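**Q** Once you have looked at the hints, place chains V, H and A on chain X.
Chains X, V, H and A are the protein sequences, given in the same order.
Going by this note's numbering, the first residue of the first sequence is number 1, and it counts up by one from there.
Going by this note's numbering, the first residue of the second sequence is number 1, and it counts up by one from there.
Going by this note's numbering, the first residue of the third sequence is number 1, and it counts up by one from there.
Going by this note's numbering, the first residue of the fourth sequence is number 1, and it counts up by one from there.
In short, the hints are calculated from the structure, not lab data.
Just so you know, these numbers come straight off a predicted model, no measurement behind them.
Any given hint could be a false lead.
From the structure, some residues in chain H lie toward chain V, with a derived Cβ separation under 7 angstroms [what the hints assert, rightly or not]:
#, residue
1, Pro197
2, Ala198
3, Arg211
4, Lys214
5, Ile232
6, Glu234
7, Gln235
8, Ile237
9, His242
10, Ile281
No farther apart than 27 angstroms at their CA atoms in a straight line, the calculated lysine-lysine pairs in the DSS-like style are these [as the list claims (entries may be wrong)]:
#, chain 1, residue 1, chain 2, residue 2
11, H, Lys266, X, Lys248
12, H, Lys251, X, Lys266
13, X, Lys251, H, Lys3
14, A, Lys3, A, Lys60
We put the beta carbon where it would ideally sit given N, CA and C, even for glycine.
Protein chains: 4
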Amino acid sequence: ENKARLLIKCPDQPGIVATVSDFLYRNGANIITSDQYTLNPDGGQFFMRIEFYCPQLGEKAEQIEQAFQPIGEQFAMNWQFVYVSQLKNVAIFVSNEPHCLMELLWEYQSGGLMANIALVISNHETARETVESLGIPFYYIPANKDIRKQVEERQLQLLKDYEVDVIVLARYMQILTSDFVKNYENRIINIHHSFLPAFVGAKPYERAYERGVKMIGATSHYVTNDLDEGPIIEQDIGRVDHRDNIAKMKKIGQAIERVVLSRAVKWHLEDRIIVYQNKTIVF
Amino acid sequence: ENKARLLIKCPDQPGIVATVSDFLYRNGANIITSDQYTLNPDGGQFFMRIEFYCPQLGEKAEQIEQAFQPIGEQFAMNWQFVYVSQLKNVAIFVSNEPHCLMELLWEYQSGGLMANIALVISNHETARETVESLGIPFYYIPANKDIRKQVEERQLQLLKDYEVDVIVLARYMQILTSDFVKNYENRIINIHHSFLPAFVGAKPYERAYERGVKMIGATSHYVTNDLDEGPIIEQDIGRVDHRDNIAKMKKIGQAIERVVLSRAVKWHLEDRIIVYQNKTIVF
Amino acid sequence: ENKARLLIKCPDQPGIVATVSDFLYRNGANIITSDQYTLNPDGGQFFMRIEFYCPQLGEKAEQIEQAFQPIGEQFAMNWQFVYVSQLKNVAIFVSNEPHCLMELLWEYQSGGLMANIALVISNHETARETVESLGIPFYYIPANKDIRKQVEERQLQLLKDYEVDVIVLARYMQILTSDFVKNYENRIINIHHSFLPAFVGAKPYERAYERGVKMIGATSHYVTNDLDEGPIIEQDIGRVDHRDNIAKMKKIGQAIERVVLSRAVKWHLEDRIIVYQNKTIVF
Amino acid sequence: ENKARLLIKCPDQPGIVATVSDFLYRNGANIITSDQYTLNPDGGQFFMRIEFYCPQLGEKAEQIEQAFQPIGEQFAMNWQFVYVSQLKNVAIFVSNEPHCLMELLWEYQSGGLMANIALVISNHETARETVESLGIPFYYIPANKDIRKQVEERQLQLLKDYEVDVIVLARYMQILTSDFVKNYENRIINIHHSFLPAFVGAKPYERAYERGVKMIGATSHYVTNDLDEGPIIEQDIGRVDHRDNIAKMKKIGQAIERVVLSRAVKWHLEDRIIVYQNKTIVF
Chain X
1 ENKARLLIKC
11 PDQPGIVATV
21 SDFLYRNGAN
31 IITSDQYTLN
41 PDGGQFFMRI
51 EFYCPQLGEK
61 AEQIEQAFQP
71 IGEQFAMNWQ
81 FVYVSQLKNV
91 AIFVSNEPHC
101 LMELLWEYQS
111 GGLMANIALV
121 ISNHETARET
131 VESLGIPFYY
141 IPANKDIRKQ
151 VEERQLQLLK
161 DYEVDVIVLA
171 RYMQILTSDF
181 VKNYENRIIN
191 IHHSFLPAFV
201 GAKPYERAYE
211 RGVKMIGATS
221 HYVTNDLDEG
231 PIIEQDIGRV
241 DHRDNIAKMK
251 KIGQAIERVV
261 LSRAVKWHLE
271 DRIIVYQNKT
281 IVF
Chain V
1 ENKARLLIKC
11 PDQPGIVATV
21 SDFLYRNGAN
31 IITSDQYTLN
41 PDGGQFFMRI
51 EFYCPQLGEK
61 AEQIEQAFQP
71 IGEQFAMNWQ
81 FVYVSQLKNV
91 AIFVSNEPHC
101 LMELLWEYQS
111 GGLMANIALV
121 ISNHETARET
131 VESLGIPFYY
141 IPANKDIRKQ
151 VEERQLQLLK
161 DYEVDVIVLA
171 RYMQILTSDF
181 VKNYENRIIN
191 IHHSFLPAFV
201 GAKPYERAYE
211 RGVKMIGATS
221 HYVTNDLDEG
231 PIIEQDIGRV
241 DHRDNIAKMK
251 KIGQAIERVV
261 LSRAVKWHLE
271 DRIIVYQNKT
281 IVF
Chain H
1 ENKARLLIKC
11 PDQPGIVATV
21 SDFLYRNGAN
31 IITSDQYTLN
41 PDGGQFFMRI
51 EFYCPQLGEK
61 AEQIEQAFQP
71 IGEQFAMNWQ
81 FVYVSQLKNV
91 AIFVSNEPHC
101 LMELLWEYQS
111 GGLMANIALV
121 ISNHETARET
131 VESLGIPFYY
141 IPANKDIRKQ
151 VEERQLQLLK
161 DYEVDVIVLA
171 RYMQILTSDF
181 VKNYENRIIN
191 IHHSFLPAFV
201 GAKPYERAYE
211 RGVKMIGATS
221 HYVTNDLDEG
231 PIIEQDIGRV
241 DHRDNIAKMK
251 KIGQAIERVV
261 LSRAVKWHLE
271 DRIIVYQNKT
281 IVF
Chain A
1 ENKARLLIKC
11 PDQPGIVATV
21 SDFLYRNGAN
31 IITSDQYTLN
41 PDGGQFFMRI
51 EFYCPQLGEK
61 AEQIEQAFQP
71 IGEQFAMNWQ
81 FVYVSQLKNV
91 AIFVSNEPHC
101 LMELLWEYQS
111 GGLMANIALV
121 ISNHETARET
131 VESLGIPFYY
141 IPANKDIRKQ
151 VEERQLQLLK
161 DYEVDVIVLA
171 RYMQILTSDF
181 VKNYENRIIN
191 IHHSFLPAFV
201 GAKPYERAYE
211 RGVKMIGATS
221 HYVTNDLDEG
231 PIIEQDIGRV
241 DHRDNIAKMK
251 KIGQAIERVV
261 LSRAVKWHLE
271 DRIIVYQNKT
281 IVF
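Isolated chain X, as found in the complex (with noise of 0.2 angstroms):
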């Protein structure tokens, strides 16, 4: 199609919206959307997701693409020409536990996901059938943290072979190396199975229980080298009270965790999500 996004991130400064919005009109742009923050009004930082529908795109991309490159550098922005139709490659890893897994491919046989699911990476055999019917490749890669580096060379190819641009962990029980983070840095989304910062690392619903809370949740977050501790996409929560134990728990937890999941992907291949310092900005 003819649609494109823009994304920026520049030190704030008057004329940026005015400049950039001309740019577009002067190029055949129209806009469809557009939306815009200002970290702090006195020259903090601003960030613009821009949408726009351009007849004949495809040919006119690159020279649009040449055209806003002093205007990039007049106001020392940080930019970025998305095109829609270019439809990113997503691997999805998971471990034994496949309900996100399953939501994520319920969205994307229904439409619901406008990506390409390259390929599923597991370190168990369960969702294979599923996978494979799909007509996705399925690789099985043991996992143990004796045999991370090893492992993870195996898969580091395999995301290079498949040109993978985004990372989704749906429920996959491993630690990534420092190593492996830094080669997707903003691209690796993880669910993790509570509502951070309650709870961060192992076994979230058994401590939930143990606490006594009346709420459970799920978060979905970039993955950074801190356990956990990487910039927020996307949060929710559920009702649990006495009668729940620890395995109501995880059921009524999961059918958090799926749509948690579902929400942060989705827009993140709409390029809706700008990270700045450990926090997001989600247009």
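**A** For chains V, H and A alone, kept in the frame of chain X given last:
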């Protein structure tokens, strides 16, 4: 302060955003937030709300508005500059259930309502003490359908005297005539105690109980001549179950009514609501 | 297992709880959970659901039921023992939107639905592959209003053959005749894609869009002869705004439909729902 | 009135429900609602709350309690009869943010809090006028950590004078000593302005902002010697996004704090809460 909002409604066409943002830039204004929406990308209606900061706005306002005139004509705009420092005058109408009034007064006291509550009009004396203790004039005007005309004449006179901009019906249980309504088109905000369009009309909690619903709601909308059919601004709901009789439903419902009306009034005061074809766009 | 449920409906009078709990105690049963509700404390209807554990229940069941008979007569009870080990046979009816079916199958696979899905009947072929891959019989029965009678005859025969206890209409877009419905009173569960009683009938999302509501919902109810007027089991809602067109509303709505129907079916399977005068008591 | 509640905590064993309901029946009581819960079906702890109606309860209460004694001993029960007509005396402690106090007073006035608000104690003068206008005694007791001992002595004396049953910390920003707390075990209700266990301690909104969470919450709990670690009674949350600075988060949070504390207090007054091992059972 030096803050203002520019509200625009016009047929969509290329160049609007570029022209408007360039205009603001040339006049020394810095955009704080900007929202836009197009009903239909192919030549549909275009809506925009820009909040901007401009030094010495007080002195420059008139000149800016004059300079904007040709742009407004060029794009066939319905446009308006609103100055944040000019607080809107609010009249609150209430009958004998004071919970919504109390919530608004509470928000007012704690700085959450950027407005001037000019007066409270009621067909009951219930709220007089509370209202007057805050230094707000209180008018007791008994009302029933036989004296509707005289009542409304007196009310309209008061609204004129106090230069009222917006009327909030905080559970005012009298029907307004179309003569009254047409004076304040899209400026009378009502709270209806049901999740519209369910339970239009009288006794919604009683009917919700009869129907055995599992959730009850409240709806804030602009008043039109069609009872409970005006443009919806905000809705919210709460859970009920078989143990909740009508009295408990009312209790649960009142808490919902309070927040829903309060949100709607705040959005109106911040000029976030644009009415179009019996629907609202809330930026 | 050795778990069962005792369901009671009778006129309220002193001594019911004492008599029933004494009976269970004398018969070696230990109460796990017990819920009761009286419609009106002054001689209204009394409802009770007791879940109990009883060693060697299989052998003792018949004798227990026999022994309970005089108590049932004494209090003019409508009573029933249900044995947890006897899974209910479920038939799922679906048309061409498979999201609700998928959710039920997913819950079924992951152990969340304590039932036997006996068969799926559809007037479209869409879901065949998925259903059969789980080893569940799939019957394609084309349907339209002209051949309703023959279609229902064939469906009823299948329901009889499979000894079906409960029918789930998982977005089955055909109206059932009163002849059909009377065979499965309070045992046909439907999902309606609106927050009933708002938008009864066809095209609820279209009408919700037209009305400009800020929330959409879904309602699960037992089917009666009055379209969308049966006893409501569960409802839930989701937020929409002016940016959401009908297609997006449907997407948001489908996620709500899935969870609402799934909850209703689970509660039915756990014998938590008692119907009384077109309302449900959900214990 | 003639309503009472019987609260029971004891090791689970067969026959409890039968014995207790038989006892109530023989003493002319009619059960209105009954809730029970067993922590672990195999000999765990058993909890029960029965609300019953009994004509001439005033005259018969003493005799009933005496007659229950042997049952209590037989099952090693921790038991208590509570009479609905005997309103609990409540003390509210508040500092300079009055929103939670206001909500409680509002509920009190509108008949939603079945209690006697005996006095309000504050380390600020802010709320005096509002409190005294309702005829409730207001005590200004300046407080800081250097004079904690004297302050608490004076507070304890007042609590004794007014025969206070339950203390509500409605945003009281002073730490209570363990000496103070032990006098009112499971009878001091606090509202913490975060979704515990996230953001234990000071400045939760500031830290929530720093962490970039997408939801903020509030938690009501009984006060123990471990700061913010007491048994949780109720929690709720609200959505925030990148546009919400700390001030806005506080505003959103205050609305949550109000309802969460208000619910917790109501449940306590209705004897719905049983504390067991640092968790609550809420019937």
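**Q** Hint by hint, say whether it matches the structure.
**A** Here is how each hint holds up against the structure:
Restraint check, proline 197 of chain H versus chain V: the minimum CB separation of about 5 angstroms is within 7 angstroms; hint holds. Here the hint on alanine 198 of chain H is kept, as its CB sits about 4 angstroms from the closest CB of chain V, short of 7 angstroms. At its closest, the beta carbon of arginine 211 of chain H sits 6 angstroms from a beta carbon of chain V; the interface hint therefore holds under the 7 angstroms criterion. The beta carbon of lysine 214 of chain H comes within 5 angstroms of a beta carbon in chain V, closer than 7 angstroms, and the hint placing it at the interface holds.
The interface hint given for isoleucine 232 of chain H is met, as the beta carbon of that residue sits about 5 angstroms from the closest beta carbon of chain V, less than 7 angstroms. Among the interface hints, the one on glutamate 234 of chain H holds; its C-beta lies about 6 angstroms from the nearest C-beta in chain V, closer than the 7 angstroms criterion. Checking glutamine 235 of chain H against chain V: minimum C-beta separation of about 5 angstroms stays under 7 angstroms; hint holds. Against a cut-off of 7 angstroms between C-beta atoms, the interface hint on isoleucine 237 of chain H holds, since the closest Cβ of chain V lies about 6 angstroms away.
For the restraint placing histidine 242 of chain H at the interface with chain V, the shortest Cβ-Cβ distance is roughly 4 angstroms, inside the 7 angstroms limit, so the hint holds. This hint holds: isoleucine 281 of chain H has a C-beta 4 angstroms from the nearest C-beta of chain V, less than the 7 angstroms allowed. Among the hinted pairs, lysine 266 of chain H with lysine 248 of chain X is consistent with the structure: their alpha-carbon atoms are about 14 angstroms apart, no more than 27 angstroms. Straight-line distance between C-alpha atoms of lysine 251 of chain H and lysine 266 of chain X comes to about 13 angstroms, which keeps the hinted pair within the 27 angstroms bound.
The suggested pairing of lysine 251 of chain X with lysine 3 of chain H holds, with an alpha-carbon distance near 22 angstroms, which does not exceed 27 angstroms. Restraint check for lysine 3 of chain A and lysine 60 of chain A: the C-alpha separation of about 12 angstroms stays at or below 27 angstroms, so the hint holds.
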